[in-house]
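S.K.: Sequence:
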Amino acid sequence: MLNLPVPAQQRSKMALERFLNTSAHLLANNEFEQTGVAQIAKLSGSSVGTFYRLFGDKDVLLCAAHDRFVLKSRERVSMLAEQLNASPSSLVDKASDFITGVSDIYNKSEGLIRALIIRSSSDANFRIRIHQLNSHVCETFTHLLTSHEAVLGHPNPGQAADLCAHMLLASLNYLSMVGTLGSTPREAIPRELSRLICSYLQAQPTSAVAASSDQRKA
1 MLNLPVPAQQ RSKMALERFL NTSAHLLANN EFEQTGVAQI AKLSGSSVGT FYRLFGDKDV
61 LLCAAHDRFV LKSRERVSML AEQLNASPSS LVDKASDFIT GVSDIYNKSE GLIRALIIRS
121 SSDANFRIRI HQLNSHVCET FTHLLTSHEA VLGHPNPGQA ADLCAHMLLA SLNYLSMVGT
181 LGSTPREAIP RELSRLICSY LQAQPTSAVA ASSDQRKA
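Just so you know, the sequence shown maps onto residues 1 to 218 in this note's numbering.
No lab work stands behind these hints: they were computed from the structure. All values reported here derive from a predicted model rather than from experimental measurement. Where hints are given, some of them may not hold.
[As the list claims (entries may be wrong)] Calculated lysine-lysine pairs in the DSBU-like style (CA-CA distance at most 30 Å, straight line):
hint, residue 1, residue 2
1, K13, K72
2, K108, K72
3, K42, K72
4, K72, K58
5, K58, K108
6, K42, K108
7, K108, K13
8, K13, K42
9, K58, K13
10, K42, K58
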């Protein structure tokens, strides 16, 4: 992660936040690369001098924008998982809610993710950033699935859950890069991914597991 010094003055802190918001907007609209420092400063309601004092160059701003995105996304994923772990819902519902929540994060930050993936192909620092987010999503989703191992019919639930987490990530990253997943409407993708994953895991409704347990006892 980039160790960007936090300004001491409140006015400078506000300027830094505006620069980060502007860069996120430009990245989301694929306009970051062609937008010069002067225009970025103007859009941020600041000056070129303040930009160079805070960041030095556009690459540092890009790194800072991605660092903030990765940090906030990880926090949102953790909060989502915390809520789902505390919920009495079935695993099928929890998996669907997790996939919907993570899909929402990716959809709202498609430009940022696209830029992060593209830069990661040639820059090791950006590879580390995308890996941090990918690993967190994978580990969190895998833990959510394996914590309900009793309702999974797959013969190797741990391995299957790990594969499902990576399959989810691959789908979302591909969607960020290309904009589509075949002919599936974008709004239907979270639901269909959930069906695909739960079917592969052979996830059973809680009531079915309880009935099976009762039959064995009888």
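S.K.: Each hint needs a verdict: does it hold in this structure or not?
M.R.: Outcome of the hint check:
The hinted pair formed by K13 and K72 meets the criterion: a straight-line CA distance of about 18 Å does not exceed 30 Å. Of the supplied pair hints, the one linking K108 and K72 holds, its CA atoms being roughly 13 Å apart against a limit of 30 Å. At roughly 26 Å between alpha-carbon atoms, K42 and K72 fall within 30 Å of each other, so this suggested pair holds. Between K72 and K58 the alpha-carbon distance is near 21 Å, which keeps this suggested pair within the 30 Å criterion.
Simply put, K58 and K108 have alpha-carbon atoms about 23 Å apart, close enough for the 30 Å limit, and the pair holds. With a C-alpha separation of about 24 Å, the suggested pairing of K42 with K108 holds against the 30 Å cut-off. At most 30 Å may separate the alpha-carbon atoms for a hinted pair to count; K108 and K13 meet this at roughly 25 Å. With a C-alpha separation of about 17 Å, the suggested pair K13 and K42 falls inside the 30 Å cut-off, and the hint holds.
Taken as a hint, the K58 and K13 pair is honoured in the structure, with Cα atoms around 18 Å apart against an allowance of 30 Å. With a CA separation close to 14 Å, the supplied pair K42 and K58 stays within the 30 Å bound.
Hint check: no violations occur; every hint is consistent with the structure.
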